[in-house]
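S.K.: One letter stands for each residue in the lines below.
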Amino acid sequence: MQNIGIEQISLAVGFILLLIGIWGMLSQKNILKIIVSFTIFETGLNVILVVIGYIRNKTAPILDTTELQTNTAEKIVDPIPQALVLTSIVIGLGVTALLLVYALKMHKEKKSLLINDYKDTKW
Amino acid sequence: MVDPIYIVAVLLGISFSLGFIGKKSENIAGILSLLALGFTTLVSAQWFYNFVTADIETYHIFTTAFKPPFSINLMMGKEEALFTMMINAIGLFGGLYMFDRLKAAGKNSFIALLMLIMGLNVVVMTRDLFNLFVFLEISSIAVAGLIVLTQNTKSISAGFKFMIATGIISGLLLLGIAFIYNYAGSLNIDHILTQNLEAAKGLSIAIFFLMIAIVLEMKPFPANGWGLDVYSSAESGVSSLLSSAYATATVFVLMKLLPFAPENLQFLIAAIGIITFVFSNLMGMRQDNPNRMLGYSSISQIGLLAAVIGISSVIGEYTYFIVISILISHFLAKSGLFWIAGIVKQESIKNWSVLRSNKLLLVLFGVFIFALTGLPPFPGFFGKWELVMHLAETKNFIWIFAVLIGSFFEVVYMFRWLGYAVKNDIIIETKLKAKIHQIIPLLLFAAAAFGAGYYVSSEHPYASLINYLPLAVALGFAFIEFLPVFIKNTLAIAAMAAYFYFNYESYNELQVIFAAIFIIGGILTLIAGYAYKGKRQGFYPFALMMFAGLIGLVEATTTLEFFFAWELMTIGSYFLILRGKKSIKHALSYILFSIGGAYLILAGFGLAAIGKPDISIGILSNIELYAPWIFGLLAIGFMTKTASIGLHIWLPGAHAEAEADVSPMVSAILLKAGVFGLIMLFLAMGEQFIGNISFAYILSWVGVITALMGNMMAAFQEDAKRLLAYSSIGALGYVLFGLSLMSHLGWLTAISFSVTHFMFKALLFLAIGGVVWRLKTKDMYKMGGLIKKMPFSFISVLIGIIVLAGVPPLTGFAGKWLFFQAVVEKQWFLQGAVLFFSGIIAFLYCFRLIHSIFLGQPKDEHRNVKEAPFWILVPQYAILMVIMLFSMLPNSLLKPIGDMLMPYFPDGAITWDGQMATTALGYWNGKTVMFIVVGVFAIVFGWLVFMNRNAKKVKQFNIGYAAERPFLPETTHYAFNFFAPYKKAIGFLVAPGITNFWHRVDEGAHSVSDKFTKIYNGNAQSYLIHIVAFILVIYLISFGGF
Amino acid sequence: MIWIIISAVLGVVMITMSVVAIHHKKITIAILSAGGVSLIASILYLLLAAPDVALTEAAIGSGLTTFIFFYVLNKIKKHKHVEE
Amino acid sequence: MDPLIKQILFALLTIFIVLNYGLIVQGIVRKIGARVGRRYGIPFYQPYIDIIKNYSKRTRISHGIMYYIAPVFRLTGGIGLLLFIPVIFGNNMFQNFSFSGDLLLILYFQFFGVLGMALGAAESGHPNSAIGVSRGLSQVTAYELPLTLGVLSLAVQYNTLNVSEIVAAQQGGILNWSFFTNPLASIALLLAFLAAMGRSPFDVVLAPQEIPIGPPTEFHSGFLGVLQLNRAIFPIAKLILFMNLLFGGATNWGELIIKTFFIYMWSVFVGVAFPRFRVDQSVRWYLGVPLIIGVAAVVVSKFF
Amino acid sequence: MLRNSLILILILGLAAIMLSIFVDYTPKEKLGPVAEHYANNGKEEVGAANLVTAVVVTYRGLDTLGEVSILFLSAAIIGFFLKIRNEEHSKNQIVIRYSEILGTGAKILVPIIILLGAYVFINGHLTPGGGFQGGAIIASAFVLMLIALPRPALNHRVLSIIESFSGLSYVIIGLLGVFLAAGFLDNQIMSLGTFGTILSAGAVPVIYILIGLKVGTELTGIIGNLKEIQNEE
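Protein chains in written order, with this note's numbering: chain L, 182 to 304; chain E, 159 to 1200; chain F, 2 to 85; chain C, 1248 to 1551; chain R, 15 to 247.
It should be emphasised that the hints constitute simulated quantities derived from the structure, not laboratory data.
Mixed in with the good hints, there may be bad ones.
Partner residues aside, some chain E positions facing chain C, computed with beta carbon under 7 Å [to be verified]: (1) Phe978; (2) Phe994; (3) Gly1080; (4) Tyr1081; (5) Val1087; (6) Phe1095; (7) Lys1111; (8) Lys1142.
No residue lacks a Cβ here, since even glycine has one placed at the ideal position from N, Cα and C.
Model the full structure from these sequences, guided by the hints.
M.R.: Put into structure tokens, the structure is as follows:
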């Protein structure tokens, strides 16, 4: 138990969210639900990314106090994954928005949100 | 040189500035975008040029003030320069091609295009993992946007499938990158690779996710339904971007990231690639929609590249060469084909006959198909060659098989498509018009395909030896297509004559003999071409290409040259055959058998080169490993061209449906290419054994059965040209048998018979071609009594069949006589008897040919036919004179051949005493036989004339007909099913078992193809399941458990 | 220790909400739950010493994304409405 | 005397002897046939009468050039064949022109006349001619197979294709004949010989009853005369060939006449005893038993 | 049902893989080599108090440029995706009732929220937040406007000019780095200033302002496009 910390829990949560997201994408028939699942998948990913940067008992990488400005490397968590997550979130927004517009357009075409109705191209 | 960062900056800057432009100014937006792409293309082209010519050092682009790994850096090396050049070029020309479509969609669509190209540029150049992820994401979003350039249910749902699939894939990619960072503490590729990381399970899984995501981006079978749907439903221009630009970048990424993967994962990737290659091509066979078919083809090509990259550790330094040459072919050809598909706009390839209304597009289409299928002189040819050579060198034989079978499937559907375009009889009454901005990219890419072929071959140590002159002449004829036949024909004859004149002295005897058959024979048949009126477009370039290939075979000093020439000949002849009536099916089976055979030859050459320092033809005579295999592969390969039994089904249709002067070309001349190959093979490798049985012995039976079956089938044909075609099969069986005797006499027979066969078959095909020319029918029972209308043709046919049947005193008997001397000497009596039997059967069809056409009662509708065209008769009589010469003086033909054979087979030669030929067993004097026969004939004839001096000629109809007058010529001319009793007796022997066999193979392949395509059920979720299942399966294979 | 418990609770809530998001029949509830997952994730980020990420997730992940969802949903419903 | 001219004169002599012998044998055989059928039959010199009658006919019509020269082909084939076969063993002059080719030349030269005849018949424009040709060619292919196998077997046995040498090897006693030394080949050859002679049961080609005499239907007068000359020479040439191959040849004309007559009788007896085959039947028959015997002959002579 | 069990098996398989990663994961004790460099030298090299910002804008500036491009691209695609067919549909307007109170509230709130957003991105190099967060906040102000006001005066032209301007400026600043400083996107084209003040970290605040403007206008554009198509039917 000594080693269990917030990072393991968060990592587990991240993985579980990831899996739930994939589960939803694979099993839900409603296109909007699939997109919802996709956002959950993304959230899970982001959580995992942040966890990777986390180091126990260290502060955020913002050097707003002079105390932090010396020997910084021993006092802060890793800023790089955070930067990556930032990017990832924004990308997620772009993709989600586009997916939603796709859903909208698909609904316009067939008046259906069921993914099974969109099998015009196959084989 | 311009810093490559400007590629990124300019593309981004321009796309950002498009917002300044008002709504109505799409033209300006478009032109700006194209200018930007033009600039970037120039930049990367400049780098590439400098890398090639000046051998400069790799250039590193650092962002910000810090060196990697602390900041993102890009790299511009030779590979990067080439890949970005390709990507920028497709961006530029694809944009130009789609200009009006993009314009109609608004300026934002230009943004998507620019972003796509920008993203891919960075993907190629970057050395940072996360940066790679971001720009890959940009590119895939841009593709998702471009997909809906045409908005319909199909494209929108396909775009959705694409987005959701790439969403999961890039999520997993990010997961992999995240954990790689976790273990390595860095995102810089080079930095990570230089660290000695501890082997941790988590790290290997992370690397697995990284690699598998890249592999998934390449759309591996079966997790690629989403990609296929995009290909089949997006705008053609967009599909071309996806196939050429996007896929090119992913190939590069795989190359870049490969060092991450452990050895077993690399092989796994290669296995995935090759499976994708085979299965996508297999499934491509059942496609009817051109775009979807191209999609399958794209996926397969990328799979092949993935395979090559995956086994790069095995192939070694040549990986780059192979990848580049295959990729460039794919890149240029696939873009071109997609673009053409976008102009044609037909949902079914059967309707592509509409392409005929635009000759330029048709030509371009052909060029791209050839480039795609890896035929010379395009770069893919050299790539495939090198690939097979290296796979053989490293003894990966299953891989060779997979590569070749996959390529073969591709050939099947590509050439079916080409056939439909050139010949299908569905008439669509629209004139295809391509806009100038669509034509320019097509023209440039087609030209680039040739240029790339030249470039790639110049990079190759052996390919640079290839003599391109004949090919260049042939292609040159494509530019003078507007001239009338007369001029072009004269030029062609002059070119060939000049080539022979200037080169024949450098040939050895064997080469001279075959060069003479090929070139002098070619000139003779070309003379008949004067009979054609107009321009005869599309004939001369291909005819000359075929002859270029044939002469290339004779001149080849390396196996590569030989194979190059072989393929060239195949292409040329394919088009000649395709020119015929109803040729579509036959041309397809011809090209399939030819290419199948060519692949066997390729594999054989590959095996032969194992452990050899070079690839000269001479290595065949010095084989230690796999000799029987090599022999078998090459022999079967050559036998597809000689149409030996089992591999013959392409021939009758192909030869019969061809034009009057093409039939003799393909039948009398082209088949000899296979003979030449076999001779070369036998000379180099001698006798080979499987177990205790000699290959030669097996081939002797193949030859004998071919002769028997060919002749027997000929006897039952109603179609005159088909009859001759089957007869050619039979004749080549004789040649094969003669060669397999492996003795002086056997070879003398085979080679002299090759010459004789050329003469009589050219004679007969020309004569019958002339008849068909006038009568417009090939069915013999519809002819009859033409001797009075076409006496000159009749004489040709008469002499032709006497030679064919081998009746003394004409030169055909020389062949028969030699055969049996050789058979008795070798003591292969059973074969000899069957051969004799089949020789007798030749009488059946010979008689039928002359009887049904020229003798008997003339038909009413042929009252007014004229003699065959003068120019078709000219070569016939030239040949006739040679036949008479050889008949009188057989040693003028046989002696040189015998002398030529002395070094190889010193024993058992013929001794000549004047015209008296003597062997250990028998003797024959052609001259005295001739004199005796002519003498007796003259006396008897004189006697008859004397007795019947007052004979009176009557009308044909005036016959004693059981006291009745015959009613109609039709009922009086006994010609249909002429050998009915014979058929009743032994017709069962010629039941179309082999044809049925191949039909079943064909159907089988297609139904398997059909089964597999069913996994692509169109449901986005099923595709996701495929992806996840794919990942799991590969994971389990790679890790052997969880 | 307290942080462990808090994070565990947050995690459980997130997982529950995400299951709800996927399995609830009403799409609005699903969207809201997904937004909720995002929102709680941003709290988790704070715990993980990532205020920047937390801010971003809150503003973009739970805010704007949810909003766009509703916009589209609204639009789709209107389609249906027009249909009927 | 110039040896060539001498040779030609002897060749003419050979032809003359064979022609007369052939005509007489023809007459005799027909007489025998009639007697077996309990008819009176023709006089043995009837063939001479026929030929003279044909040449003296007044009406002579031609159907075209091939028609005109077909009999020439036919007779050239017959005479040529005769000239290429060594007739009397040991006599240089009656070797005729056999120096110009071996057994293979002889086998193939048979077809010269056949082909020419077929062409002429075809040009006559009579359907019966064409039918006859169709049947004839079909049957030829069938019996050639055992024939070839037999010949090959002999070639193995004597290791030569030179007819004279084959005959030479059979000298010195009746048991040296191939007929006894190589019985299988002999049977194959003799069976093939039946059809080669064109007699019943293999006479459907001419089929005298149904289709007026097959290929030569339209030939008459002088044309038919030439054909009849050939009909006298050609069978005898074949007989001589078989005699040479199987029965030790002949050292003088008397021996030749006796031997060939008996060989001829073989086909006559079979012909009288068996009814006619249809073409498909005869083809199948030849591809049955005779073929097997032929194969056996080759195998035996090759391996034993 | 078969399908669902298949999916379950797949998910369990994936879960097993994830579990392997999870088991292998050991919490970090110290920073990795690159991060350590940033921590120790970030202050001197970039001059931004917020190290995340330093990484986002400078060290990994190219990523951020890509990120901006993604949003831009999405907005552009949504733009032409939604508009292409608009002309085909009849423009039957559906009148939506708007609340008067909400409208008034919004009118007051919007400027404040915009100010907040501006604050967030201007101080991006000092405090948590930055261009993206600020941009998102600005966008939410416009969202509020869109919901609350019947005919919001959203001028697409102005939006797109701002967007283009900020994007182009970003690229130009990046290129200035090539000319004036050490490389593309180098922030030292301007002096690093005093650490911890607004005018520090060289070009970082400028870039973040541009990003903020750009993200804000892009997100607004996306929503505006969605809104427009709504209005037209």
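S.K.: Evaluate each hint against the coordinates.
M.R.: Each hint, compared with the structure:
Interface restraint check for Phe978 (chain E): the shortest CB-CB distance to chain C comes to about 5 Å, inside 7 Å, so the restraint holds. Checking Phe994 (chain E) against chain C: minimum C-beta separation of about 4 Å stays under 7 Å; hint holds. With 7 Å as the threshold, the beta carbon of Gly1080 (chain E) comes within range of chain C, its nearest partner Cβ sitting at about 3 Å, so the hint holds. With its C-beta approaching chain C no nearer than about 6 Å, Tyr1081 (chain E) sits inside the 7 Å limit, and its interface hint holds.
About 5 Å separates the beta-carbon of Val1087 (chain E) from the nearest beta-carbon of chain C, less than 7 Å, and the hint is met. The interface hint given for Phe1095 (chain E) is met, as the beta carbon of that residue sits about 4 Å from the closest beta carbon of chain C, less than 7 Å. Proximity of Lys1111 (chain E) to chain C holds as hinted, the smallest CB-CB distance being about 5 Å (cut-off 7 Å). For Lys1142 (chain E), the shortest C-beta to C-beta distance to chain C is roughly 4 Å, which falls under 7 Å, so the interface hint holds.
In summary, the structure agrees with every hint in the numbered list given earlier.
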